[in-house]
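Trainee: Residues per chain are reported as follows:
Protein chains: 2
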Amino acid sequence: MTTQVPSKPLTRVVVSGSTHGNEMSGVFLARHWIKDPSELTRSTFSATAVIANPRAMEKCVRYTQQDLNRSFKMDYLVALDSEEEPYEVKRAKELNKIYGPKGSPEAYDFMFDMHNTTSNMGACIIVDSPQNSFAMHMANYIQTNYMQKCPIYVYKKGDEESYTIDSICKNGVAMEVGPQPQGVVRADCLAQMRALVRHGLDFIEKFNQGSAFPAFDIDAHTLISREDYPRNADGEMSGIIHPKLQDKDFLPLNPGDPIFQTLDGNEVVYEGDSTIYPAFINEAAYYEKKIAFAKMEKKVFSIPDIQLKLD
Amino acid sequence: MTTQVPSKPLTRVVVSGSTHGNEMSGVFLARHWIKDPSELTRSTFSATAVIANPRAMEKCVRYTQQDLNRSFKMDYLVALDSEEEPYEVKRAKELNKIYGPKGSPEAYDFMFDMHNTTSNMGACIIVDSPQNSFAMHMANYIQTNYMQKCPIYVYKKGDEESYTIDSICKNGVAMEVGPQPQGVVRADCLAQMRALVRHGLDFIEKFNQGSAFPAFDIDAHTLISREDYPRNADGEMSGIIHPKLQDKDFLPLNPGDPIFQTLDGNEVVYEGDSTIYPAFINEAAYYEKKIAFAKMEKKVFSIPDIQLKLD
Numbered sequence: 001m002t003t004q005v006p007s008k009p010l011t012r013v014v015v016s017g018s019t020h021g022n023e024m025s026g027v028f029l030a031r032h033w034i035k036d037p038s039e040l041t042r043s044t045f046s047a048t049a050v051i052a053n054p055r056a057m058e059k060c061v062r063y064t065q066q067d068l069n070r071s072f073k074m075d076y077l078v079a080l081d082s083e084e085e086p087y088e089v090k091r092a093k094e095l096n097k098i099y100g101p102k103g104s105p106e107a108y109d110f111m112f113d114m115h116n117t118t119s120n121m122g123a124c125i126i127v128d129s130p131q132n133s134f135a136m137h138m139a140n141y142i143q144t145n146y147m148q149k150c151p152i153y154v155y156k157k158g159d160e161e162s163y164t165i166d167s168i169c170k171n172g173v174a175m176e177v178g179p180q181p182q183g184v185v186r187a188d189c190l191a192q193m194r195a196l197v198r199h200g201l202d203f204i205e206k207f208n209q210g211s212a213f214p215a216f217d218i219d220a221h222t223l224i225s226r227e228d229y230p231r232n233a234d235g236e237m238s239g240i241i242h243p244k245l246q247d248k249d250f251l252p253l254n255p256g257d258p259i260f261q262t263l264d265g266n267e268v269v270y271e272g273d274s275t276i277y278p279a280f281i282n283e284a285a286y287y288e289k290k291i292a293f294a295k296m297e298k299k300v301f302s303i304p305d306i307q308l309k310l311d
Numbered sequence: 001m002t003t004q005v006p007s008k009p010l011t012r013v014v015v016s017g018s019t020h021g022n023e024m025s026g027v028f029l030a031r032h033w034i035k036d037p038s039e040l041t042r043s044t045f046s047a048t049a050v051i052a053n054p055r056a057m058e059k060c061v062r063y064t065q066q067d068l069n070r071s072f073k074m075d076y077l078v079a080l081d082s083e084e085e086p087y088e089v090k091r092a093k094e095l096n097k098i099y100g101p102k103g104s105p106e107a108y109d110f111m112f113d114m115h116n117t118t119s120n121m122g123a124c125i126i127v128d129s130p131q132n133s134f135a136m137h138m139a140n141y142i143q144t145n146y147m148q149k150c151p152i153y154v155y156k157k158g159d160e161e162s163y164t165i166d167s168i169c170k171n172g173v174a175m176e177v178g179p180q181p182q183g184v185v186r187a188d189c190l191a192q193m194r195a196l197v198r199h200g201l202d203f204i205e206k207f208n209q210g211s212a213f214p215a216f217d218i219d220a221h222t223l224i225s226r227e228d229y230p231r232n233a234d235g236e237m238s239g240i241i242h243p244k245l246q247d248k249d250f251l252p253l254n255p256g257d258p259i260f261q262t263l264d265g266n267e268v269v270y271e272g273d274s275t276i277y278p279a280f281i282n283e284a285a286y287y288e289k290k291i292a293f294a295k296m297e298k299k300v301f302s303i304p305d306i307q308l309k310l311d
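Those protein sequence lines, which keep their order, are chains A and B.
For the first sequence, the UniProt record's numbering puts the final residue at 311, and the numbers step up evenly by one.
For the second sequence, the UniProt record's numbering puts the final residue at 311, and the numbers step up evenly by one.
Careful: at least some of the hints might be erroneous.
If you want a taste of the chain B side facing chain A, the calculated C-beta under 10 Å gives, among others [to be verified]:
1. H32
2. C60
3. N282
Under the rule of at most 20 Å between Cα atoms (straight-line distance), these lysine-lysine pairs were calculated in the PhoX-like manner [as the list claims (entries may be wrong)]:
4. B:K295 with B:K244
5. A:K248 with A:K206
6. B:K295 with A:K59
7. A:K59 with A:K73
8. B:K289 with B:K149
9. A:K299 with A:K248
10. A:K102 with A:K90
11. B:K289 with A:K59
12. B:K289 with B:K157
13. A:K59 with B:K244
14. A:K149 with A:K299
15. A:K289 with B:K59
16. A:K298 with A:K248
17. B:K59 with A:K290
18. A:K35 with A:K73
Quick caveat, the hints were computed from the structure, so don't treat them as lab data.
All of these numbers come straight from a predicted model, not from anything done at the bench.
Here a beta-carbon is modelled for each residue, glycine too, at the ideal position from N, C-alpha and C.
Modelling step: build the complete structure from the supplied sequences, incorporating the hints.
Mentor: Below, the structure written as structure tokens:
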């Protein structure tokens, strides 16, 4: 993914659903848009929808062999084909051929990747880096025109290689809406996701038409680290998310605040030395990844103005 | 399961968790109580906890080959052992040997079976029949002492054979708490489940001690039928739960009220001729069973007094 602002109109845009096969806003919207893409059409471009992981969607699971959305590192994409490689690696290579190749001039201009979480994160925009001015302008546009309470989550730590599906395109964002159980489609979450994509497409349309987007300052949450659950000597979880932390995504957590509760009535408090802003609190898919919540800090970023130079 | 009121104190009582391996209140409580059963002890008996489906728990899925909680029909339990039979049938037979045999004098006296739902059903008690006076008295005791808003759900239709895990014991109830996503343990749901079981155990203690439980009238919800989602010619879901129905479990639904929404903006209304009380609205596990919600009616039942005759 480049962080350079596009020098030409974005015409090849893709909207991915079922990157995780049990996150149902994306599954239902992508299926609908494949049949009827009229909502994805603007005057300067038409986006296409894709079911990223059809096999996981059929089984209504996050993935079948390994997490597809961790399968787009270059090592996977350039590995020789083999009988033994997981289905999701095969599928990542296929998607990379269609919408990439990653890092090449042939790659699609932009990908929207639709996700749901069981955490109370509301509607949230996930970007790779605050240096990605185009994505930050899109987020600002959505916050301004759609709703103020649509936090920005910066998922990459430093120079970490991108591993997500949108990294095969020139640029992209993930849209995250919750809380929604896995395997359930809630009309309210679906409507939020639909609005996020609609406003994102509108932003690209305005950019393509040469609109000026002035510089601004904006809050974003950046990942510090991930917190595991407390565990006993056998590695089993010995505590669960404290009721006072549950559903408090993106709200301040101060040193001394309770974060876990054990079944025999004890509590574990946050022992850091500064206020953090947790996210993905009690996300179902992260139990196996040993993540109770993501520790985020909130920072202000200055984003420069952008404008497409029309010929 | 008998509907006769016990003529002796109940001394063999079991609490089942992980009957569905991704319903986490029961998974966490059963694991805790297996290590430390002190909470399950009363003066007249001690209950034991069991992990009903350990393999499903390990994988954090509802079941591995077929729904364990539909595997306790007599046909399954008496079938000859075979290499091909699903894991859950094998496990049902094992459980039947330990806590049954179903319908025999050797069976355990009572089973509490702990479940979670993604539906907004709150804390709910599921009984097989309003003729089960002992279970209805337990439900009334819990409503009176714990919380009024703890509806009774009667799951069996007429003379249908019992297929649930508690049917191998002489008597039993299921405790259902939601909304909670599959694979997530929420402290608030866990606390509700723990209170339901605690009050249920207290009721058995009082019964064993010879307390008199006078007759009463009580509301209960009985199953009329199950409603599928709207589908297109290919059998795919063409509508989702309407936002006005979402989270409205146990509230009245009147003819003409919206129940489904299509992605192109149409709504489907309820066409019945009388008020119903839906439950299990948008339950994740019921998509594959083609159940959008359970259609219930609310009725008043007169429950006779019960009292154990002490020697």
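Trainee: Could you tell me which of the hints above the structure violates, numbers in ascending order?
Mentor: 5, 6, 7, 8, 13 and 18
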